[in-house]
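Asks: The lines below spell out each chain.
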Amino acid sequence: DQQVKQNSPSLSVQEGRISILNCDYTNSMFDYFLWYKKYPAEGPTFLISISSIKDKNEDGRFTVFLNKSAKHLSLHIVPSQPGDSAVYFCAASGNSGGSNYKLTFGKGTLLTVNP
Amino acid sequence: GAVVSQHPSWVICKSGTSVKIECRSLDFQATTMFWYRQFPKQSLMLMATSNEGSKATYEQGVEKDKFLINHASLTLSTLTVTSAHPEDSSFYICSAGDPADTQYFGPGTRLTVL
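So the protein lines, in turn, are chains A and B. Position 59 (the first sequence) corresponds to 59 in my numbering; numbering is contiguous. Numbers in my numbering are just positions in the second sequence, counted from 1, shifted up by 1000.
FYI, nobody ran anything at the bench for these hints, they're computed from the structure. Check before you lean on any hint, since a few could be wrong.
[As the list claims (entries may be wrong)] Covered by chain A, according to a simulated footprint, are these stretches of chain B (three or more residues, beta-carbon under 8 Å):
#	region
1	1038-1048
2	1083-1092
[To be verified] No farther apart than 25 Å at their CA atoms in a straight line, the calculated lysine-lysine pairs in the DSS-like style are these:
#	chain 1	residue 1	chain 2	residue 2
3	A	Lys107	A	Lys68
4	A	Lys38	B	Lys1041
5	A	Lys5	B	Lys1041
6	A	Lys102	B	Lys1055
7	B	Lys1064	A	Lys102
[As the list claims (entries may be wrong)] Here are a few chain A residues that sit away from chain B, every Cβ distance over 10 Å (derived from the structure):
#	residue
8	Leu11
9	Gly16
10	Asn22
11	Asp55
12	Lys56
13	Arg61
14	Gln81
15	Gly83
16	Thr104
The beta-carbon is built from N, C-alpha and C at its ideal position, and this holds for glycine as well.
Excised from the complex, chain B in its bound form (with noise of 0.2 Å):
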């Protein structure tokens, strides 16, 4: 199957600060990216939708202020936690979509605020 990373695997940050997760696919061009978020023992949480070279479309309840969203190239999206809260911290997953397959996931991002 196609191969989607995220980098960083984990990250520790201060409350306030803002942290930037990358999610690439490595073999193939992904118009769109999904990003979810888990929380422990639960599903995953579709965020928001990052469709290449336009605006992210979020789901109900996500603050897109708070969760910034870019999805410059065919092969990269990232998302930006601004002013991060001890409540932010989760696991962040995300996912691409190869035009010929089907969704990948990446490995994910432990996301801690202290």
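The following block holds chain A by itself, in its conformation from the complex (with noise of 0.2 Å):
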């Protein structure tokens, strides 16, 4: 059973507009939420994660929107550049984020903007 959800295996996007990446979690214990960015054969990247106390976190390019009540989240990359190309993974965590707790993650979603 997949607590994590990322319906979309890829997504295509033209430079200079904007990626939008769902995610949808079914453990209502889940409440901090992250998304990380990983190339083939590398580990993956922290880029920016939301509490469920907030509905919004921005940082540069990138913007997450929680909603709780339909248990949906979604990153925001607005202008994509191709460097951005990557697979993003959702994960989520109970206990408030702490970072010794382990994280539940989605199966990806291979993003790729062309030029």
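Using the hints, put the two chains back together into the complex; each one sits in its own frame.
Replies: Rendered as structure tokens:
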């Protein structure tokens, strides 16, 4: 049973436009959410996170939105750049996001930004 | 962000041998480290949680006698794949929790068992 779902395995966007990556979760105990970016044969790189007490967190070109009632979050990248092309993983944690608690990952979405 | 290293980055071994992978937090102390496995085009699967000074906690379905984890210091955790077989070939990734921040991942280790 997948508790974190990324239903779009891939997404293709034109450079300069907005990329929207979606993630749904089923476990109501999750209260902290993270997005990671991953290149092939490398470890994931932390991008941005959000606590369940917020509905939006912004960092530069990256914004994460959280809709708790829908158990849905999304990552917006604007403007998208070719260097953003990678697999993006959504992850969730309980215990208010303490770094010592395990993360549950979605299957990832491959983002391709075309020049 | 914090830096987590893994060694080796890739290893090829014969079936039946054991392989040790190291995970180090370079600029912070991590009481907890995590070991993941990733199959091609699949998500990261948590294998175990490594706690400094105590036994690791393994996820359901992960053989603790096959995947030995040792977290002897606040900056080092090791994963030993014992009596490796071709089906153990995979990409192994560790992460470490920076208490002041979040979890950071190592670059991964590609294991190929012949």
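Asks: Are there three or more residues in the region 1083-1092 of chain B whose C-beta lies closer than 8 Å to some C-beta of chain A?
Replies: With 1 residues in contact (Cβ-Cβ under 8 Å with chain A), the coverage given for the region 1083-1092 of chain B is violated.
Asks: Could you let me know if the closest chain B CB is still more than 10 Å away from the CB of Gln81/A?
Replies: At about 20 Å from chain B, Gln81/A clears the 10 Å cut-off, so the statement holds.
Asks: Between the alpha carbons of Lys5/A and Lys1041/B, is the straight-line distance 25 Å or under?
Replies: holds, 15 Å
Asks: When you check the alpha-carbon spacing of Lys102/A and Lys1055/B, does it fall within 25 Å?
Replies: holds, 16 Å
Asks: Non-interface claim for Gly83/A: all C-beta distances to chain B beyond 10 Å?
Replies: Gly83/A is indeed farther than 10 Å from all Cβ atoms of chain B, at 17 Å.
Asks: Should the label of Arg61/A as a non-interface residue stand, given a Cβ cut-off of 10 Å to chain B?
Replies: holds, 17 Å
Asks: Verify the proposed pairing of Lys38/A with Lys1041/B, using a straight-line Cα cut of 25 Å.
Replies: Holds, at about 12 Å.
Asks: Is the nearest Cβ of chain B still more than 10 Å from the Cβ of Leu11/A?
Replies: holds, 15 Å
Asks: Would you assess whether Asn22/A, listed as outside the interface, keeps its beta-carbon beyond 10 Å of every beta-carbon in chain B?
Replies: Asn22/A is indeed farther than 10 Å from all Cβ atoms of chain B, at 15 Å.
Asks: Determine whether the non-interface label on Lys56/A survives the test: each CB of chain B must be over 10 Å from its CB.
Replies: holds, 18 Å
Asks: For Gly16/A, which was marked as not at the interface, is the minimum beta-carbon distance to chain B over 10 Å?
Replies: Per Cβ check, Gly16/A is outside 10 Å of chain B; nearest 27 Å; holds.
Asks: Could you check that no beta carbon of chain B comes within 10 Å of the beta carbon of Asp55/A?
Replies: holds, 19 Å
Hints 2, 16 from the list above are not met by this structure, while the remaining hints are.
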